[in-house]
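Novice: Each chain is listed here by its residues.
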Amino acid sequence: MSGNILKIDHITMQFGGVTAIDDLSFEVEKGSIYGLIGPNGAGKTTIFNIITGNLYPTKGKVIFEGNDITGVKPNKVVYKGIARTFQNIRLFKSMSVLDNILIGFDAQANYSYFEAILRLPRYFKHEKLIKEKAYELMDIFGITQFANSNATALSYGNQRKVEIARALATNPKLLLLDEPAAGMNPNETAELSEIIHKIKKDFNLSILLIEHDMKFVNAMCDNLTVLDYGEKIFEGKPADAIVDKRVISAYLGDFTNA
Amino acid sequence: MKKFTSIVATMALLGGMAYAKEVKIGVVLPLTGNIAAFGQTSKAGLDIAAAQNNKLSNGDTVKLVVVDDRGDKVEAATAVKRLLDKDKVSVILGEVASSNSMAMAPVAEKAKTPMLTHASTNPRVTKGKKYVTRACFIDPFQGAVMAKYALNQGLKTAVVVTDAKQDYSVGLSKAFKKAYTAGGGKILKTILINSGDKDFNAQVAALKQANPAIVAFTGYYPEAALMLKQARDMGVKTPFIGADGTGFPQLVKIAGKAAEGFMYTDHFNEAAVSSPEAKAYVAAYHKKYKKPADSMGALAADGYGMIIQAMNNCIKAGKASDDKECINKNLRNTKGYKGITGVITIDKDGNAVKSAVINEVKDGKFTYKTTVNP
Amino acid sequence: MDMQIFLQQLVNGASLGSMYALIAIGYTMVYGVLRLINFAHGDIMMVGAYFTFFAKAAGLPFEVAVLIGIIGAAIVGILTDKIAYKPLRDAPKISLLITAIGISFFLENLFTVLFGSTPKAFSAPEYLTKIFHIHGIYLPISVIIIPTVTLLILAVVLWILYKTKYGMAIRALAFDIQTVKLMGIDADRIIMIVFAIGSALAAIGGIFYAISYPSIDPLMGIIVGLKAFAAAVLGGIGSVGGAVVGGFILGFTEIFVVAMFPELGGYKDAFAFFFLILVLLFKPTGIMGQDLERGRF
Amino acid sequence: MNKFIRNIILIAIVIYFIYYAQKHFDSYTLSILDNIGIFAILALSYNLINGIAGQFSLEPNGFVAIGAYFTAILLIPTDTKLDMFALVDPAPIILQMKAHFLPAILIGGVAASFVALLLSFPVFRVRGDYLAIVTLGFGFIIRIFAINNPAYTNGAMGLNDIPEEANFLWIGILCVITFLVMIHVIYSKFGRAMKSVRDDEDAASAMGINTFKMKTYAFMTSAFFEGVGGGLLASMLTTITPDQFSFLLTFQLLIIIVLGGLGSMSGALIATILVMGGMEWLRFLDDDIKIFGMDLGAHPGMRMVVFAILLIVMMLFARRGLLGDRELTEFFKKKSK
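Protein chains in written order, with the working numbering: chain A, 1 to 258; chain B, 1 to 374; chain C, 1 to 297; chain D, 1 to 337.
Source of the hints: derived by calculation from the structure; they are not laboratory data.
One thing to keep in mind: the hints can contain errors.
In silico DSS-like pairs for lysine-lysine, Cα to Cα no more than 30 Å straight-line [unchecked claim]:
1. B:K319 with B:K130
2. C:K283 with A:K61
3. A:K61 with D:K213
4. B:K112 with D:K81
5. B:K335 with B:K130
6. D:K23 with B:K86
7. B:K253 with C:K130
8. D:K23 with A:K131
Can you make the complete structure from the sequences, with help from the hints?
Specialist: What follows is the structure, given as structure tokens:
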């Protein structure tokens with residue numbers, strides 16, 4: 001593979017006097033699945049928020065495809081090719097599954113406000129186009145049957161799928177998944193990892209994921225970084241992480257449970 | 001049913017005078033809302049007048065259809081439409097506030113229905129209108145009366161208090177200033193207030209600094225009362241003069257001792273009435289409400305009386321009592337109508353030419369001082 | 001502006017600010033526990049003033065009438081909550097806001113129907129309306145009493161909030177209604193207490209208002225209520241101290257700006273909002289407020 | 001295409017009704033319809049910012065005022081203006097402003113929309129209840145501004161003798177247009193984006209939605225039609241004053257859209273008819289009430305008391321309004337399934 005898609009360059013994040021992330025660096029190789037793990041409060045989601053522009057780091061840079069994207073607004077980051085999901089699924093609760101996914105296609109529906117109001121041909125053309133794409137996506141995730149149901153009426157696992165499909169709709173190069181397997185039963189988890197591998201291939205994606213579930217991470221990731229209290233305590237292959245002493249001591253509780 | 005109607009119609013034709021019909025007067029008043037006090041006092045007077053005389057010379061009965069507009073222009077205009085279309089009234093009586101009357105006037109004008117406002121003093125209410133008439137004098141006259149009276153007392157410097165929210169007050173201030181300056185007086189300052197305000201300490205301080213010989217207050221009574229009180233509390237002894245918007249018993253109740261010596265121009269004071277009609281009205285008012293008759297009620301009663309007279313004149317001329325054109329013509333040609341608030345003559349613009357009275361608060365009562373003729 | 005006028009306006013501002021502050025406390029407390037802009041709060045103030053007026057008109061001594069006014073307003077406040085707000089605890093916030101507006105309309109118009117809309121003259125006993133004249137400054141005794149009583153009341157409210165069991169529960173409620181329920185505290189009862197305190201304070205504000213500006217009408221609460229609400233937001237809604245600060249700032253601003261620039265007199269009612277917008281733009285949580293989602297007192 | 005033809009036929013029927021009403025109804029009925037039509041325009045557009053985009057704002061009275069004043073100034077003939085401005089002379093620009101009815105109405109809308117654009121920069125810095133109070137303040141300030149700048153607005157006296165060019169034909173057709181525009185916005189990517197901002201602002205921007213832009217689009221569209229509604233109101237009433245545009249107007253609209261179900265355009269239409277019609281129908285309560293020959297006397301204000309009670313009861317028992325956030329058609333769809 002040819003180099004990095006994402007580079008976290010010496011990032012420090014302080015809230016008030018508290019250091020949430022301390023001088024963190026790592027690189028995500030293009031086409032790989034990269035894991036970011038660590039106990040609760042280790043600062044994993046903070047990193048996501050920095051990458052997506054929700055937070056501005058105290059120090060350091062986020063480099064995406066060789067460009068500095070530190071502090072680029074969340075909605076602009078999406079256009080650069082980064083999409084994300086949330087730890088506690090955040091679907092648009094009043095909208096159908098289809099509409100939720102169509103939100104992801106927003107930028108690809110290329111018609112203006114006035115064209116929408118006047119119902120000019122471009123409106124019909126582009127709406128049709130993105131709807132077709134949305135159905136394709138739903139087919140991949142096996143959620144087509146729920147297209148017109150309210151998104152929040154679905155089972156937890158299906159909601160997770162909708163959320164990933166919605167993120168994929170933005171046509172990302174890098175997908176950030178925040179604990180995708182959280183709250184899923186083993187069957188659902190297995191199905192999910194299958195889907196993730198499939199979309200990675202089909203859409204030519206790189207994936208950065210946060211996880212708790214060590215088994216899941218082992219099965220998924222090419223490389224990973226272990227965080228503890230904002231500090232990197234390990235970087236390398238999953239197989240090596242399991243035997244690393246610092247990781248074990250920091251992570252013991254979760255380890256044994258997993 | 002049709003047959004029955006035609007029988008009735010024939011009988012009516014044959015019977016002539018014997019068959020009495022009902023003529024409706026639509027009344028639009030602010031019975032609720034910010035200026036409800038004006039509407040309610042108007043209605044009190046109107047009720048007295050209607051109880052005294054609700055028959056026309058041909059035996060037709062007059063019925064009042066009273067509608068509340070909440071002091072709102074939109075409601076006032078809608079009310080007129082409702083009265084015209086639904087209740088089929090022949091005349092409209094009302095409103096008090098000039099802005100509401102101005103919303104009503106075009107509707108009446110368009111429907112070619114006479115409208116008589118008893119208390120809207122802004123000149124623009126009747127301006128350019130063929131079917132709108134009023135039973136009260138207009139602000140330029142009232143402002144001039146205030147100015148002349150102040151100057152005659154030797155009070156040559158004035159501060160004008162204008163209620164920036166009331167067209168009535170703005171128009172009146174302008175009229176006062178014009179007449180006052182023309183008469184050799186000097187306006188030191190104009191102080192703005194907003195109706196609904198209760199705190200006038202800052203304005204009173206400004207007033208104190210200017211130290212005029214007289215304060216011309218052109219707003220309504222709730223503000224007048226509070227401002228007077230706060231002025232006297234802060235040691236301001238300058239006399240105040242107001243206009244018809246201040247002559248309400250609540251002024252004295254709210255301001256208490258501070259109201260002593262307050263002068264104002266008004267349409268009417270029951271102490272000054274001389275005609276038997278006016279005396280009868282005052283007596284009936286006392287009997288029913290157990291309080292002194294006020295000018296809003298008296299004006300409303302006069303408005304009612306003028307309409308009755310116009311209808312009777314129509315009957316005399318052989319027209320129907322509900323002939324709108326005829327009623328309007330007679331209203332517009334009212335000359336020397338002996339009303340409760342004085343002798344009323346309508347000029348070519350539809351405005352009443354009549355005298356004003358000047359009252360003063362003495363021992364908590366509105367005492368009559370003098371009458372000023374146009 | 002010379003010293004005399006300055007001092008004069010200072011006491012006037014303190015007195016006006018006190019009334020805004022008293023009413024603002026109720027707004028802020030209800031907002032703290034329910035996240036509700038209680039639009040009917042200004043009308044509760046009117047209710048308090050009217051009850052006092054009628055109790056006095058019925059021949060009761062002024063002090064007793066004041067007590068009746070305060071208790072009456074508290075009862076109306078509690079009833080408002082029980083009838084119109086409590087059934088909607090789980091409903092969207094905006095439904096609650098609409099019922100608050102409904103209650104506001106209801107109280108204003110009910111009092112109009114019952115007692116007419118003509119302003120009534122509110123007379124206070126001599127000892128509250130006496131006027132001192134010191135070095136060219138006119139001091140109605142009320143302008144001394146009102147701020148003093150306000151500060152005393154503030155002390156009592158803060159004492160209740162920080163030193164009593166109920167106060168702790170109120171503050172806990174402001175953070176999270178669910179946790180409070182889990183802790184075994186009867187949330188509805190605490191909310192009732194909040195409404196009682198808020199309404200009682202509004203009634204005191206209303207009575208002070210009626211003493212200072214002795215004319216009361218059914219619509220008297222609208223503008224004052226709105227301004228007090230602006231004061232509460234200005235100080236940081238949810239914070240009792242903030243409400244008082246906001247109230248005083250508003251009172252002083254209104255008095256001083258008009259005194260210094262009389263030509264701005266017409267804009268007086270807009271100050272509250274103009275000021276508020278400016279503050280919010282630079283410090284969106286108000287002067288003493290914390291994050292909106294984490295109310296506190 | 002079937003649906004398209006059906007919609008065309010529906011619109012044609014509605015427009016024929018409007019035309020028929022204008023020709024044959026009496027002026028009282030028409031005035032009620034006028035009121036309903038204008039309030040429907042206002043409620044529909046207010047629903048876009050509050051219901052669809054979820055930005056709880058309380059400013060429509062300000063935009064209605066802007067539209068009304070612009071339209072009025074453009075319509076009133078120059079000599080009438082000279083005659084009318086009693087407090088101070090009108091500013092030269094006021095005398096120069098002149099337009100025909102339709103352009104005047106549209107300029108009113110554009111002016112309101114432009115103010116909305118300027119306002120969106122500071123206003124959308126805050127969210128939730130703060131947004132509500134800031135926008136409420138804006139509406140308040142607009143009114144005070146109108147009172148205190150007599151050279152432009154004739155101050156508290158307001159403007160009179162506005163040519164009465166608005167009739168039910170105009171109002172009805174503009175109401176239909178408003179409804180169509182709203183529906184077209186809602187069922188497009190913009191409507192979806194606005195709803196996503198309402199549901200979860202952070203998630204929306206994580207999906208590439210420019211939330212500020214969507215709020216501003218909703219705000220400006222809302223303001224445009226509120227301005228148009230204001231212009232129609234001015235021309236229908238022929239007279240306007242600043243006090244007409246108090247927050248009571250906003251509250252009335254708020255009641256309508258919440259009653260209809262926030263975010264539901266057909267709900268807003270139904271609620272407008274219920275509220276405006278209801279206010280008119282309840283008028284009998286203010287008249288003398290006679291029961292079994294006993295005259296209980298008139299109780300002015302009773303109507304508003306009953307209205308308030310009805311409002312509270314409705315909110316208690318139909319919390320999400322009449323239609324929730326769904327459109328009427330969605331109910332039929334469900335049934336047919």
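Novice: Looking back at the numbered hints, which does the structure fail to meet, lowest number first?
Specialist: 8
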